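Q: Protein chains in written order, with our numbering: chain A, 2 to 196; chain U, -3 to 239; chain W, 739 to 1196.
Each hint should be verified, as a subset may be incorrect.
[Unchecked claim] Below are the PhoX-like pairs computed for lysine-lysine, each with C-alpha atoms no more than 25 angstroms apart in a straight line:
1) A:K16 with W:K812
2) W:K1122 with A:K7
3) A:K7 with W:K827
4) W:K773 with W:K1106
5) U:K56 with W:K1122
6) A:K154 with W:K1013
7) W:K1013 with A:K16
8) U:K80 with U:K152
9) W:K843 with W:K932
10) W:K811 with U:K80
11) A:K154 with W:K812
12) A:K144 with A:K154
13) A:K16 with W:K932
14) W:K773 with U:K224
15) W:K773 with A:K16
16) W:K1013 with A:K123
17) W:K812 with U:K198
18) A:K16 with W:K1122
[To be verified] Chain A regions said to be covered by chain W (calculated; three or more residues, Cβ under 8 angstroms):
19) 7 to 13
20) 143 to 155
Please keep in mind that the hints were generated in silico from the structure rather than gathered at the bench. Source: prediction; values computed, not measured. Note that CB positions come from ideal geometry on N, CA and C, so glycine has one too.
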Amino acid sequence: MNSREKILAAIAINKPAFQPMPDVVVDIKYDYSVLVPQFLNILQINGATAVWVENVQTIKDDLQKNIAGGHYTINTTEVLGIVNEEININSNPAFLDPVEIAYISGTLGIAENGAIWLEESKMRNRLLPFICQHLVIVLDVTKIVADMHEAYKRITLGNEGYGVFVAGPSKTADIEQSLVVGAHGARSLKVYLLS
Amino acid sequence: MKVGLFVPCYIDQFYPRVAVATVELLERLNCEVIFPLNQTCCGQPMANSGFAGLAKGCNKNFVENFSNFDYVVSPSGSCVLHIKEHLTDENEDAALHIRRHVFELTEFLLDVLKVEKLPSNFPHKVGVHVGCHGQRGLHVCSMSELVASPFSKPEKLLSMVKNLQMMLPERWDECCGFGGTFSVFEEAVSVKMGKDRIREHKENQVEYITSTDVSCLMHLEGILRRKKSDIRVIHIAEILNAI
Amino acid sequence: MEHNKRNHSALSAIFNEDEKRVDWHDETLWFVRSKRDRAVHNVPEWEQLREYGSEIKNHTLSNLDQYLIEFEKKARSNGIHIHWAEDAKEHNEIISEIIRNNQVKHVVKSKSMLTEECDLNSYLTSQGIEVIDTDLGEYIVQLRKEHPSHIVLPAIHLKREDVSNTFHSHLHTEKGNNNPQYLAEAARQHMRRKFIFSELAITGVNFAVAETGGFVVCTNEGNADMGAHAAGIHIACMGIEKIIPKAEHLGVFLRLLTRSATGQPITVYSSHFHKPRNGQQMHVVIVDNGRTRQLGRPDFRNSLKCIRCGACFNTCPVYRRSGGHSYHSAVAGPIGAILNPNINMQENADLPFASTLCGSCSNVCPVKIDIHDQLWKWRQALTKKGHVSSGKRLGMKMMSFVVSYPSIYRVAGRTGRWIMRYFPSLLANKTINSWYKQREMPVPPRQSFRTWYFKNKK
Ligand code: SF4
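Please take these sequences and the hints and turn them into a complete structure.
A: Dropping the structure here:
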């Protein structure tokens, strides 16, 4: 018997009697009119900046200002204009290392915890949202859901090779529990909610 | 109502005043209180040390002494919890009856006797120590870890006492560190836990620390006396019995 | 037990020699517990979520083999290589073989308690491979050649001065600069080069989803992703119990995990890996290492529900005052105290006794493991197997004898009280009687309750 068979056999002998799988029904009444403010609020608590804009031009202006300011800025989202095609799945880490600011569009946001779902296809390269110094996420305001349960109803895992919930700038409290923003991932997170 | 009084060994020997207060209090509330003379121990010290197997004779004796009562009451949450969870005997019917009818004093007062007022008077500042076994085991009060509505049987009773000023420490349900044989086998941590509880009560400038469990109080008293502190310990039965 | 130097009681007595530091350790962890409380009290359905978490795990354990098979099948079709390891040794060998086959020299590793349990670092280092722990806390303890003292907060036993000194000697930071921001930045700069040039990344697994053949890794620092997405090879290591049946169950567990761990509503990054990226190798190593044995112990099997949130550590009044290293195991704290005796009874026989059985751990546990009941049951199991000192056994036997016979009990009680009353110095010996070291003995009153009862009520 190889290890796989040994382990599976040991489980078969040792496992307890079958117990049914529960039906997860979390019965909470959400007030959907407050979801967006709650989402913005929790993002702020998580250490992100969150702005609700009426017009995509505001975000475009912000992007242009960053480029004009001499910051190495990458745009991956068509809504904001020309996409930086030079960044793609094959870009190596050293090539991505100097990226200062990256604009990526999110798929879905969660009001209970401020997490935003990013999919591989939207980020062009899996490393980009982490290796950039500052991450900017653009999210359609209609894409906000109440909680994790709803979020997983709308995401089909496995369609894409990789996806991540991002809920703020990278951080650590490993030294005496004192909070430091900017651990290994992006140092800041800015979220544009677009009406 | 015929009530069998269980008095744990250390109360019998070192804190008889707690048992006396319990008898007087229950009698005043019209209970017929009987102390079965051949009782010994609930078996907890052995079981918690990993020797539940050695508790057989002790259990048998317990069942023999306490099978003929409507209720068994004890001023020790810890012992009551142990009996409730672990008392077994060849005479399983009798053991079951006891497991179902054994009560810690404050639960008995509120849940069985449905006490709503007391003539007690205790003009002092009193810090409340929540004994873990009464709390997390017997649920005599809510627990800080759980998302549930707060309640407390001991506090409810203490609030019936005239002129008593009740004080709760910030960490109101942290363990005092007694833990039976833990108190000697893990002496350093046990004492440190006790000192930390005392520090909070001292900051509240209490005159007394009270609890539903004498074991916690014995441990805290040991530390208080070593430190020559003015704070005294008192069991809740003594306060409720004070007029 | 008393002869074992690696015992919790002796090690925590040493920890308690510096009382100020104990206070600091206790308060720092209590702060985390308080953050947890605030977070969970914001979720009115919290107890319902715990119940779901518990039931899903119970169900999974009862069908574990099938879910592992399903996971393997789906993961393979996603392009992930699956390996099975019976024990720590095989786990380490599998990883080392992947490393050798690909001629890798530099490895970055994000937090994985399983690799700690298997002592992977020493194994690889002895083969000349550089392994860097990239989680800041783990990196700090790695530089100091220590072990993590907490599963979520690996360096919680250290103060900023300690970190500053360590970084000064290894990363040449300014001497005496204790600013956490400055120190974390130094680690970030140093690690960034390691990430960019690393060839292979090892991560843990928080949840593996049978239905989709993927796995989820949660971090705040982003180190798992920096490593996994930069390296050409990604190896994820998981115990067999990390499986959950469906993607929707992640909704329950991700809501529970971080609120319990740190009081955040979710970690900064919850990364869902399903396929290797273009040109990358992705491996998952599924490890038993005693877990199937634990599964076969009805009293203890539900310890396998653990999602490693660390809440039971933070709430434990004993852990907070004894420090993680006093548990002399990769996984310390209350959950460690019920897991480790399964791995090695002799070595870990002290751990189930390192508790007052206050029960706070079971109350905070997001998957409702009856931790304190299992501590009690381990005590019974260990004494039955003879893992207890002869002195303690004799004492307990004597006690059992005394309390079985009412007449002997009465004499013993009277004698005891009489001795204490008239010869208090007998017990006032700090070396024989450890109660007396820092506590007075109770004062024996003139008469016992029994005597009072005779006089007044009979
Ligand atoms: S036993 Fe429960 S509380 Fe402790 S680490 Fe595991 S899941 Fe968290």
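Q: For every hint, state whether the structure bears it out.
A: To see whether the hints hold, each was checked on the structure:
1. A:K16 with W:K812: Judged against 25 angstroms, a Cα distance of about 23 angstroms means the pair holds.
2. W:K1122 with A:K7: violated (29 angstroms)
3. A:K7 with W:K827: holds (15 angstroms)
4. W:K773 with W:K1106: With Cα atoms ~19 angstroms apart, K773 of chain W and K1106 of chain W stay inside 25 angstroms; holds.
5. U:K56 with W:K1122: holds (21 angstroms)
6. A:K154 with W:K1013: Given that 25 angstroms is the threshold and the Cα spacing comes to 21 angstroms, the pair holds.
7. W:K1013 with A:K16: Violated, at roughly 30 angstroms.
8. U:K80 with U:K152: Given that 25 angstroms is the threshold and the Cα spacing comes to 23 angstroms, the pair holds.
9. W:K843 with W:K932: Cα-Cα ~12 angstroms, so holds.
10. W:K811 with U:K80: This hinted pair is violated, its Cα atoms lying about 48 angstroms apart.
11. A:K154 with W:K812: Holds: K154 of chain A and K812 of chain W sit about 20 angstroms apart, inside 25 angstroms.
12. A:K144 with A:K154: With Cα atoms ~13 angstroms apart, K144 of chain A and K154 of chain A stay inside 25 angstroms; holds.
13. A:K16 with W:K932: violated (42 angstroms)
14. W:K773 with U:K224: violated (36 angstroms)
15. W:K773 with A:K16: Distance ~36 angstroms between K773 of chain W and K16 of chain A Cα, so the pair is violated.
16. W:K1013 with A:K123: holds (16 angstroms)
17. W:K812 with U:K198: Violated, at about 61 angstroms.
18. A:K16 with W:K1122: holds (24 angstroms)
19. 7 to 13: Answer holds; 6 residues pass the 8 angstroms Cβ test.
20. 143 to 155: holds (count 6)
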